[in-house]
Amino acid sequence: MNYLLCSNAIGPLIGLWLIATTQSVDSSKTTDVWILVYGGVGISVGLWIWGRRVIQTLGEDLTKISPSSGVCIEIGSALTVLIASKIGLPISTTHCKVGSVVFVGRARSRDNVNWGIFRNILVAWLVTLPAAGAISALLMYIFTFVV
Numbered sequence: 001m002n003y004l005l006c007s008n009a010i011g012p013l014i015g016l017w018l019i020a021t022t023q024s025v026d027s028s029k030t031t032d033v034w035i036l037v038y039g040g041v042g043i044s045v046g047l048w049i050w051g052r053r054v055i056q057t058l059g060e061d062l063t064k065i066s067p068s069s070g071v072c073i074e075i076g077s078a079l080t081v082l083i084a085s086k087i088g089l090p091i092s093t094t095h096c097k098v099g100s101v102v103f104v105g106r107a108r109s110r111d112n113v114n115w116g117i118f119r120n121i122l123v124a125w126l127v128t129l130p131a132a133g134a135i136s137a138l139l140m141y142i143f144t145f146v147v
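Per the UniProt record's numbering, numbering through the sequence shown is continuous, rising by one, with the last residue being 147.
Possibly wrong hints are sitting among the right ones.
Said to hold, decoys possible - What follows is a set of in silico ranges between Cβ atoms, one per label pair, in the way DEER data are often shown:
1) 50 with 111: 24 to 32 Å
2) 147 with 79: 20 to 28 Å
3) 35 with 116: 14 to 22 Å
4) 128 with 42: 15 to 23 Å
5) 116 with 20: 25 to 33 Å
6) 46 with 119: 22 to 30 Å
7) 116 with 25: 37 to 45 Å
8) 44 with 107: 41 to 49 Å
9) 41 with 87: 44 to 52 Å
To be verified - Taking lysine-lysine pairs in the DSS-like style, the calculated list, with each CA pair at most 30 Å apart, reads:
10) 64 with 97
11) 97 with 86
12) 29 with 64
Hints were generated in silico from the structure; no laboratory data involved.
Keep in mind it's a predicted model, so treat the numbers as computed, not measured.
Yeah, the Cβ is synthetic: ideal placement off N, Cα and C, and Gly gets one too.
Please build the complete structure, drawing on both the sequences and the hints.
Dropping the structure here:
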């Protein structure tokens, strides 16, 4: 399952590397193993640093997850990422995972989901898009006109 989830996360890194080294995004080129290892290490370090907090929020605070519901969540989100990756849709594995957690919790009972935490997650997602865009535009402005 991790392969399916990480395959979607490593793609942007490989795209950036191809643009930086070849000035093109030719998908027929083979990817160097070291860049895959680099991406895997980055994902692992992120999980090591922030994983406990995210797992606590999704697995305990948002809704209680049993072994059977955990299997449904993993398979559902992994298949969603796999299908989206195969057809070329850039999707967030985090969004898939949260969606799976909420819907599995809701399928068990409406009271199983902490809707306040889900609301906070949605607000964070809505703020992230314009914030990332503004920061990126500011950096582009600095690189274009200052550097």
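Each hint, compared with the structure:
| no. | hint | verdict |
| --- | --- | --- |
| 1 | 50 with 111: 24 to 32 Å | holds (28 Å) |
| 2 | 147 with 79: 20 to 28 Å | violated (44 Å) |
| 3 | 35 with 116: 14 to 22 Å | violated (40 Å) |
| 4 | 128 with 42: 15 to 23 Å | holds (19 Å) |
| 5 | 116 with 20: 25 to 33 Å | violated (43 Å) |
| 6 | 46 with 119: 22 to 30 Å | holds (25 Å) |
| 7 | 116 with 25: 37 to 45 Å | holds (42 Å) |
| 8 | 44 with 107: 41 to 49 Å | violated (31 Å) |
| 9 | 41 with 87: 44 to 52 Å | violated (28 Å) |
| 10 | 64 with 97 | holds (14 Å) |
| 11 | 97 with 86 | holds (18 Å) |
| 12 | 29 with 64 | violated (44 Å) |
Hints 2, 3, 5, 8, 9, 12 from the list above are not met by this structure, while the remaining hints are.
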